[in-house]
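2 protein chains.
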Amino acid sequence: MNKIETLSPETETLPVTQIIANFAVAPIDRDAAADAAQIARLSLLDWIAVAVAGRDEPVAKIVRDLVGGDGGTPEASVIGHDANLPARAAALSNGATSHALDYDDTHFIYLGHPTVAVMPAALALAEKLGSTGPAFLDAALVGLETACRIGEWLGRGHYQHGFHQTATSGSFGAAAAASRLLGLDAERTCHALGIAATKASGLKSQFGTMGKPYHAGLAAANGVEAALLAKAGIVSRPDGLECEQGFSLTHAGEQDNTSLAMGELGRKYVFTEVQHKFHACCHGTHAPVEALISARDDHGVSPADIESVELTVNPRFLRVCNIEQPATGLEAKFSFRLTAAMALSGYDTSALATFSAENCHEPSLVALRDKVSVVTDSGLSESVAQIRIDRRSNEAVVIRHDICDPMPVAVREAKVRAKAAALLGQDRAERCWLRTQDLGTAGEPVNLRELAEL
Amino acid sequence: MNKIETLSPETETLPVTQIIANFAVAPIDRDAAADAAQIARLSLLDWIAVAVAGRDEPVAKIVRDLVGGDGGTPEASVIGHDANLPARAAALSNGATSHALDYDDTHFIYLGHPTVAVMPAALALAEKLGSTGPAFLDAALVGLETACRIGEWLGRGHYQHGFHQTATSGSFGAAAAASRLLGLDAERTCHALGIAATKASGLKSQFGTMGKPYHAGLAAANGVEAALLAKAGIVSRPDGLECEQGFSLTHAGEQDNTSLAMGELGRKYVFTEVQHKFHACCHGTHAPVEALISARDDHGVSPADIESVELTVNPRFLRVCNIEQPATGLEAKFSFRLTAAMALSGYDTSALATFSAENCHEPSLVALRDKVSVVTDSGLSESVAQIRIDRRSNEAVVIRHDICDPMPVAVREAKVRAKAAALLGQDRAERCWLRTQDLGTAGEPVNLRELAEL
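Chains V and A, in that order, are what the protein sequence lines are. The first sequence runs -7 to 446 under the working numbering. The second sequence runs -7 to 446 under the working numbering.
Hint data in this document are derived by calculation from the structure and do not stem from the laboratory. Source: prediction; values computed, not measured. Be aware that a few hints might be false.
Sample of chain V residues with no beta-carbon within 12 Å of chain A, all distances over it, derived [unchecked claim]:
no.	residue
1	Ser385
2	Glu422
3	Asn439
Derived pair list, reagent style BS3-like, types lysine-lysine, alpha-carbon separation capped at 27 Å [as the list claims (entries may be wrong)]:
no.	chain 1	residue 1	chain 2	residue 2
4	A	Lys53	V	Lys223
5	V	Lys53	A	Lys223
6	A	Lys260	A	Lys407
7	V	Lys407	V	Lys260
Beyond 12 Å from chain V on every Cβ pair, some chain A residues (computed) [stated by the list, open to error]:
no.	residue
8	Asp27
9	Asp177
10	Leu252
11	Val367
12	Thr368
13	Ser375
14	Pro400
15	Val403
16	Pro437
Cβ atoms here follow ideal geometry from the backbone N, Cα and C, with glycine treated the same way.
Bound conformation, chain V alone (with noise of 0.2 Å):
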């Protein structure tokens, strides 16, 4: 297999796991990258934000605790533990930490959520390997965008099925970053993405559980792992993806889309759809709260002023976040009715505080949830919302918002840096986010713990 820089059309009529290993171990074309490279940056900075807000979440420890235990090699940093570990262990840990909140980014093409699944990994290794910054973030938006790619290739089938693509993508997207981190040639990226699929699991029944946040970590640990065995000289199914018995066909994988999923691979990013979460609560909930937003800063609604909300949204919501009543933190999470209170109310609905017992209960907040109702529109896609406010002193306001529109990377970068600074205080984003734009031309080796300030 040659190195190539960008696939041509006739090399998108390759099996595709050999496509992704010639584009893991290609160069970047640094113009087709720009966006792609610099709103991964941002979910860099995103991933440190939720990770570290999550480390003392149930499952961060149990999973910490299991790695910590084992002990070992001191090779990388891990969210909320004070030594080292090997780079598989700080995979595992740090996945399932930064996904614990379930409030790390999310790609509606991929269908899972690329970040948690492949920094942790490409993070890991480069801490083992001493890499520079730009190598590391190199390896990274490789890793990101194989994610991204591989799991429209396996498709909305493969989601329906059952299968977590956070975890079985995740896995891929991990194996492609290690593997280039590694300096592996395309053929042994083929051997460690044949690893990966068989390697690769995780199950939508998890949803719910801690099973969920593992899966991260699982990804992440996977392709670590499966690209020191193809480093090592493993031999596994150079073909693992699209063989007789490979990934895709016992996965219940998209037949015959192989050009579909990797047309201009290397010369577009797909990553770049990535959303950032803005809101601490279901993703359900966050199209109608950013149009409620909306009303009350762009078109001056108060509270006292509001006679009646109504939201309409896809009717897949209604059994997923529409708890009316809430009464804890977390079920007010899933609640439309009091997270469009909270919005109207002006609360940082970008802080986990917010999502209190306490604010479940606080009167006015429940006197408003109560003037808000519910409805379905089959004709509205799942990013959608249209938001009604009725008022006593003025026309009513209709705003319909889509969370997919596309978001200007200044936009977005605002954006994240206040998520981030409303999860780590003020100073310590912003010390984050300065080192992560400096990790772009940084000479020295990746230090999580530095970068993070652990």
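Following the hints, position chain A against chain V.
Quick look at chain A alone, frame taken from chain V:
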């Protein structure tokens, strides 16, 4: 969930995760388990022999170097490695090492290799915990039976779809063994099985690569990790095997066969039907080899007297082990004709060294090989072969052999001990045998290094 001594007919209608958890934690019916326990000890001796013999195989070295590089708390013995390592790491390495030669035992209902998945997990965790011989043996037995039962429950469809049951069902067996050693109750064991459900993986497309032996290590390590996480309080799906989008429904498991596969669990041990490999070649060659050894030993057939040999086998094997003129040791293992010549000529087919390039070209073997023809009969089951030897001096000899025919435990014991002697040397094999016998009553902590003289 209550601990129950054996399953009553009523409990066989419980969900399968709960059935297995109840079995894993319950007292063992000693009468019902007597033969299985003795065979498990034979499997332990067999496992030690094939693992020690396989310790320098490339995949064994690669996986061992990975975990050796990680290092960590010295909890458990690692075959081929001077230092002890964490139990998870030891399970991974010892699992891969013991399946490297593909010379370990096979269970044709499970449709997989129970001992290489379960024994490394039980041994590693027993060493970590300081468990005694009887506790270890009970856990291993429970794990072996679980692997076989879950394998039957998932069924042929799961295997045909492309999953390697050694890895998938093996993970559940290893988790059951590990849960028992950790003293989990049935509810916590369900969570361990739930973690195994989202972690179990392994594709048949890896057959013929190092991925296959690696699978055994994955299963063993999965079981240890799942049980340790459950002990620490992780919340998974306690119905992870059978739930909507659980393991079976996502992995092409057979449906509606719970009462069949789980029938008489605890009162009957299907593990007793495990087949040990007594020839260091493809399992498909074993039935004709056994028949030919009988022709030689019981009917006095001598090579010089042979005019022709006809082997009749299931047609499936033509694509598996019918290399007509093998040239390498590996090819020799997949050659009906050459293994037939070896068996008739009195070569020790239990010894690894017999399968050499040199023997592929040995003139007397080649001459006899060329008198052997292979025909097929789709009416023969896969475990059966018929041989016909036409002789110059006497009437033809026709023998049919079924490797699944019941074998008295005493006969099996003699054969396993002879195999262990071929692999470990006579004296070491006998000492290992005596130690595995003593395990059933010894009150000291289990120690693989002492047991196997590593």
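Open item on the list: To test your reading of the hints: which numbers does this structure violate?
Closed with: Violated hints: none at all, because every hint is consistent with the structure.
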